[in-house]
Amino acid sequence: SQQGEEDPQALSIQEGENATMNCSYKTSINNLQWYRQNSGRGLVHLILIRSNEREKHSGRLRVTLDTSKKSSSLLITASRAADTASYFCATANDNSGNEKLTFGTGTRLTIIP
Amino acid sequence: DSGVTQTPKHLITATGQRVTLRCSPRSGDLSVYWYQQSLDQGLQFLIQYYNGEERAKGNILERFSAQQFPDLHSELNLSSLELGDSALYFCASSVEVGYSAEAFFGQGTRLTVV
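Going down the list, the sequences are from chains A and B.
Those letters in the first sequence? Residues 1 to 113, by this note's numbering.
Those letters in the second sequence? Residues 1 to 114, by this note's numbering.
Chain B on its own, in the form it takes in the complex:
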C-alpha cells in the first residue's frame, strides 16, 4: 500500500459527460501529480500541484482541469469526455516539490468512456 488513495477505482460514463477523480496523497506529502496512461500514449504527465499551487503542466487538455485543496487532496476534472479519454488515471505524491525523492503512486482510476 503506497498510502496514496484514489477514488473511484472504476468509472464508466458516456461521451460528453463530466467526471471528477479524487486523490488523497500520503500523509505529509505536499506534492501531487496526475498522469494518464493509455495503450497508445503510454504514461503521460498531466499536471503537478505543490501545497495548493500549480507547479508544472504537461500534456493536459483544456477540457481537463485540476486543483489541490487546503487539506492537500486533489481532484482532476474531465469534461466533454471523448472516447479517446478512456485510460487509467494515476495520482502520485511526494514530500518535495521536485523529484529528488521518489513518487508514490495510487492504484489509479480506470475511466471508460462509451
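Only chain A is shown next, with the shape it has when bound in the complex:
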C-alpha cells in the first residue's frame, strides 16, 4: 500500500514559474525524501528532511515538513524545461528497527517552454 499521497497528480506550468507539490502520509516517520523520475528511468534522490526539521533548501528546491499534519511540500522555483518529470515523496518508517522506504503515488510535472 502507498504511504504517501501526492497532490496534485499532474501539474503543468510555464517555464520560469514556481511549482509546488504536496505529500501527505499516514504513520509516524523518521524522515521524508523527495525523488524525481524521468520517464521510464530510475529515481533520483533530491532532498531528505528529518522528522525534527521543518524546512530545508537545496538549490532551487525548498521542502517543508509538518509532522502534526503529516504533510510535506516540495517547491521548485524558477522552473526549467528539464524539470519535467514525475516527483515522488517517500517516507522512512521505523518498524522494529528495520526501515523501508515507502513511496507515494507521484506528481507528474510538465514545464511548458
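Don't read these hints as lab results, they were simulated from the structure.
For lysine-lysine, the following DSBU-like pairs were computed, each having C-alpha atoms within a straight-line distance of at most 30 Å:
1) B:Lys57 to B:Lys9
2) A:Lys26 to B:Lys57
3) A:Lys70 to A:Lys56
4) A:Lys69 to B:Lys57
5) A:Lys69 to A:Lys26
6) A:Lys56 to A:Lys69
7) A:Lys26 to A:Lys56
8) A:Lys26 to A:Lys70
9) B:Lys57 to A:Lys70
All values reported here derive from a predicted model rather than from experimental measurement.
Following the hints, complete the assembly by docking chain B onto the known chain A.
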C-alpha cells in the same frame, strides 16, 4: 550515473517462465532494495537485504524470491510469470541498513510477460 547497475535493461518472456534480475549496488553500499513499478500499483517495495541478510519484506509474492551474495550483488528471481508481473523492477542501494541516508536507484529492468 547512480553507481547502481541493473541487468538486463529489457526482458521479454512468456507466461509460466522464470527470470532472474541482477543488481550491483554502489561500491561500499551494504543495503540493497528491490521495488516494482507498474502503472496501476505505483512503486511497491518488495524486499531489502543488508550485508547478505534479509532485513525487511514488503509486498513480495511467494513466486518471487531474492538473495544478496557475499560480493553484495543481489538477484531477484521471478517464477511462474503472469501477465500482471509486467513492470519496471528497480534496485536501490544505500550505505546503511535504514533510510537515514538517501537511496540510489538503478535504471531498472523492464519486464514484459507475453
